[in-house]
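2 protein chains.
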Amino acid sequence: MTDIITAGILVIGDEILSGRTKDKNIGFIAEYLTNIGIDLREVRVVSDDEAAIIEALNALRARYTYVFTTGGIGPTHDDITADSVAKAFGVGIDHHPEVVARFRERFSGQELNEARLRMARIPDGAELIQSATILAPGFKIGNVIVMAGVPSIMQAMMDIVAPKLKSGARMLSETVQANAREGDIGGPLREIALAHPDTMIGSYPFLDEDKKPNTNLVVRSRDPDKLHAAMAAVKAMLAALHAPH
Amino acid sequence: MTDIITAGILVIGDEILSGRTKDKNIGFIAEYLTNIGIDLREVRVVSDDEAAIIEALNALRARYTYVFTTGGIGPTHDDITADSVAKAFGVGIDHHPEVVARFRERFSGQELNEARLRMARIPDGAELIQSATILAPGFKIGNVIVMAGVPSIMQAMMDIVAPKLKSGARMLSETVQANAREGDIGGPLREIALAHPDTMIGSYPFLDEDKKPNTNLVVRSRDPDKLHAAMAAVKAMLAALHAPH
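Read top to bottom, the protein sequences are chains A and B.
Going by this note's numbering, the final residue of the first sequence carries number 240, and the count climbs one at a time with no gaps.
Going by this note's numbering, the final residue of the second sequence carries number 240, and the count climbs one at a time with no gaps.
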């Protein structure tokens, strides 16, 4: 029996809370974690406010195996994630010599100003998340993985960090389209859910191409046999529902 | 001086955390609240788990003027939002006579099964959020507004509930494209931010059409004069940066 590995996401940024920027990172990370056998349990979005970041980070890192943060690691005054993470962990923060050395190769003396050097500030003891194409590195400290807010960079960072993470038995999932309204199957579906406790059965209504109400039923489990047994029960229920009377 | 009205969002649903469904409600509500002068301060996403819903809801409703929830008010066994909200408030929950009466008009006796009646379960003392086109009503109890997860229905509910909310002075916002890399303006931008404490100045890097790094600078304030003063300083800084040497 493999342990269950859990995660939280902390999205940091006023621009998400004002609605100016529509977050694309939560959905990406959620799907990514599901695919590598890590259970995402909670997401929080907070503003560029040190106290808010520290409180949310400390709550999440105490609770889950991993916490992934996005946003706030750029060169401007509103990028306060690295400093807030250092405070949350109670460790120092300084310009990381390896990052500074790479910046010196990449930028002229004039370009390597205080703002850019800010991106080299890494909490003591953190491990860098970097590659040749990533300018400002992310980092991992304890169980917290600090990543960029720009989706393409965040995604590159996920690819670098993912192989180093513990992962559990992958959550398996199967979907069937019910061709029925959710309200017509809620009763029997509840019975099936009760009879198959080691599975999670989700019911997701949607409007089909003809604007008719339809429902996707999703069965999830770490155990393939239990998943198939529950899905068989769901399909039998749907067959009975659609059988000519 | 108008009070500042704040809000939190609680998104409820396993399907968001598994990555199966990509949330579209956070961005919509965030923008909506900004437009009506309510400050969104925090978002949480939790699973279809009663303890998780209650804990997050109680944290958010104690902290902000309003809390908006999405998801979990349908007819199936995984729709536990109404019951969880009742528990969080320590009130009873029962079939709401007005909703049941509307269901009786809409559904035949056979259709009006236990699953559909589940959508009529409303916590004691809550006010319905409903219209002719909304099947399962949302509701408002205390400072908590409970809405559907399906975006089109949630949006209809926002339109119904918004006129009844207190709102504060609207946050004003102006954006300028810097035509510069974020690292080149971080220093002077910090000085401007320090000199204009009643504004929030955000810096958002992006890649332009030619894949060149560029930056949007956004100044926000409730006070139009202070906003314009800070934006004038930002534009003067950019003009100096782009002036021929």
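Since the hints were derived computationally from the structure, they do not count as laboratory data.
Hints may contain errors.
One copy or two, either will do: identical chains are not told apart, so a pair holds if it fits within one copy or between any two.
What the hints assert, rightly or not - With a straight-line cut-off of 25 Å between C-alpha atoms, the simulated DSS-like cross-links for lysine-lysine are: (1) K19 to K207; (2) K19 to K135; (3) K221 to K159; (4) K207 to K135; (5) K230 to K159; (6) K206 to K221; (7) K82 to K207; (8) K161 to K207; (9) K159 to K207; (10) K159 to K206; (11) K159 to K135; (12) K161 to K206; (13) K230 to K19; (14) K82 to K17; (15) K17 to K207; (16) K161 to K135; (17) K230 to K135; (18) K135 to K221; (19) K206 to K19; (20) K206 to K135; (21) K207 to K230; (22) K221 to K207.
Structure-based check of all given hints:
Proximity of K19 and K207 under a CA criterion of 25 Å is satisfied inter-copy only: 21 Å between copies versus 29 Å inside one chain copy. In this assembly of identical chains, K19 and K135 lie within 25 Å of each other by CA distance solely inside one copy; the values are 21 Å within and 29 Å between copies. With identical chains, the CA atoms of K221 and K159 are never at most 25 Å apart, being 30 Å at best within one copy and 48 Å at best between copies. For the identical chains of this complex, K207 and K135 are neighbours neither inside a copy (47 Å) nor across copies (29 Å), given an alpha-carbon limit of 25 Å.
Taking the shortest Cα distances, K230 and K159 never come within 25 Å of each other, neither inside one copy (39 Å) nor across copies (45 Å). Proximity of K206 and K221 under a CA criterion of 25 Å is satisfied in neither setting, with 34 Å inside one chain copy and 49 Å between copies. In the homo-oligomer, the alpha carbons of K82 and K207 never lie at most 25 Å apart, since the shortest distance is 53 Å inside one protomer and 34 Å across protomers. Proximity of K161 to K207 under the C-alpha cut-off of 25 Å is found in neither arrangement, the shortest distances being 43 Å within a copy and 37 Å between copies.
In this assembly of identical chains, the alpha carbons of K159 and K207 never lie at most 25 Å apart, being 46 Å within a copy and 32 Å across copies at closest. When the C-alpha separation of K159 and K206 is checked against a cutoff of 25 Å, the pair qualifies neither within a copy, at 45 Å, nor between copies, at 31 Å. Proximity of K159 to K135 under the C-alpha cut-off of 25 Å is restricted to the intra-copy arrangement: shortest distance 11 Å within a copy versus 45 Å between copies. In this homomeric assembly, K161 and K206 never come within 25 Å of each other (Cα to Cα): the closest approach is 43 Å inside a single copy and 36 Å across copies.
In the homo-oligomer, the alpha carbons of K230 and K19 never lie at most 25 Å apart, since the shortest distance is 34 Å inside one protomer and 30 Å across protomers. For the homomeric pair K82 and K17, neither the shortest alpha-carbon distance inside one copy (28 Å) nor that between copies (32 Å) is at most 25 Å. When the C-alpha separation of K17 and K207 is checked against a cutoff of 25 Å, the pair qualifies only between copies, where the shortest distance is 22 Å, while the shortest distance within a copy is 29 Å. Taking the shortest alpha-carbon separations for K161 and K135, only the intra-copy value of 14 Å comes in at or below 25 Å, while the best inter-copy value is 42 Å.
In the homo-oligomer, the alpha carbons of K230 and K135 never lie at most 25 Å apart, since the shortest distance is 44 Å inside one protomer and 37 Å across protomers. In this assembly of identical chains, K135 and K221 lie within 25 Å of each other by CA distance neither inside one copy nor across copies; the values are 36 Å within and 39 Å between. Proximity of K206 and K19 under a CA criterion of 25 Å is satisfied inter-copy only: 19 Å between copies versus 27 Å inside one chain copy. Taking the shortest Cα distances, K206 and K135 never come within 25 Å of each other, neither inside one copy (47 Å) nor across copies (29 Å).
Taking the closest pair of Cα atoms, K207 and K230 come within 25 Å of each other only inside a single copy of the chain (21 Å); across copies the shortest separation is 52 Å, beyond that limit. In this assembly of identical chains, the alpha carbons of K221 and K207 never lie at most 25 Å apart, being 32 Å within a copy and 51 Å across copies at closest.
Checked against the numbered hints given earlier, the structure breaks hints 3, 4, 5, 6, 7, 8, 9, 10, 12, 13, 14, 17, 18, 20, 22 and satisfies all the rest.
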